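Participant: Sequence:
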Amino acid sequence: MADGPVFITGGAGFIGSHLTDALLAKGHSVRILDDLSTGKRSNLPMDNPKVELIVGDVADAALVARSMIGCSAVAHLAAVASVQASVDDPVKTHQSNFIGTLNVCEAMRQAGVKRVLFASSAAVYGNNG
Numbered sequence: 001m002a003d004g005p006v007f008i009t010g011g012a013g014f015i016g017s018h019l020t021d022a023l024l025a026k027g028h029s030v031r032i033l034d035d036l037s038t039g040k041r042s043n044l045p046m047d048n049p050k051v052e053l054i055v056g057d058v059a060d061a062a063l064v065a066r067s068m069i070g071c072s073a074v075a076h077l078a079a080v081a082s083v084q085a086s087v088d089d090p091v092k093t094h095q096s097n098f099i100g101t102l103n104v105c106e107a108m109r110q111a112g113v114k115r116v117l118f119a120s121s122a123a124v125y126g127n128n129g
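Okay, so the sequence shown: first residue is 1 according to UniProt numbering, each after it adds one.
Any given hint might turn out to be false.
As the list claims (entries may be wrong) - Here are the computed distance ranges between Cβ atoms for each label pair:
1. P49 - V87: 20 to 26 Å
2. S121 - R41: 17 to 23 Å
3. V55 - S82: 30 to 36 Å
4. S120 - L36: 18 to 24 Å
5. D89 - F118: 36 to 42 Å
6. K40 - K92: 30 to 36 Å
7. R66 - V87: 30 to 36 Å
8. A22 - K114: 16 to 22 Å
Treat the hints as calculated values from the structure; they're not laboratory data. None of these values were measured; they are calculated from a predicted model. Note that beta-carbon positions come from the ideal geometry of N, C-alpha and C, so glycine has one too.
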């Protein structure tokens, strides 16, 4: 990977914080964008100088674009993963999941970032039981 930090959306959540630990163990720096709605600052090793946390929302296109400048890769993990939350507030879910992903992709294009890791959860399959 290039010299810039890895940009992780949703990095203070369960998967994002474990990815952060793994990347740090490999010597990478990370820049995390998380609104802390479900993730926690305490999940992150904030005493590590290779960790930068930006508290904000992927629905904020300008913030995503500014935050991604200089990054070498993106791990896009930010999302409303709860099916019930998507039923209760479909607009917020659309803003986070669809618009947020669009903002990440556009910021990558603007910043020239070519590497992306995208993850999803079993929630996309629904409950068949």
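Participant: Now, for every hint given, state plainly whether the structure supports it.
Facilitator: Cross-check of the supplied hints:
1. P49 - V87: 20 to 26 Å: violated, 42 Å
2. S121 - R41: 17 to 23 Å: holds, 22 Å
3. V55 - S82: 30 to 36 Å: violated, 21 Å
4. S120 - L36: 18 to 24 Å: holds, 21 Å
5. D89 - F118: 36 to 42 Å: violated, 23 Å
6. K40 - K92: 30 to 36 Å: 19 Å Cβ-Cβ, so the 30 to 36 Å window is violated.
7. R66 - V87: 30 to 36 Å: Holds: the Cβ-Cβ distance is about 33 Å, inside 30 to 36 Å.
8. A22 - K114: 16 to 22 Å: holds, 21 Å
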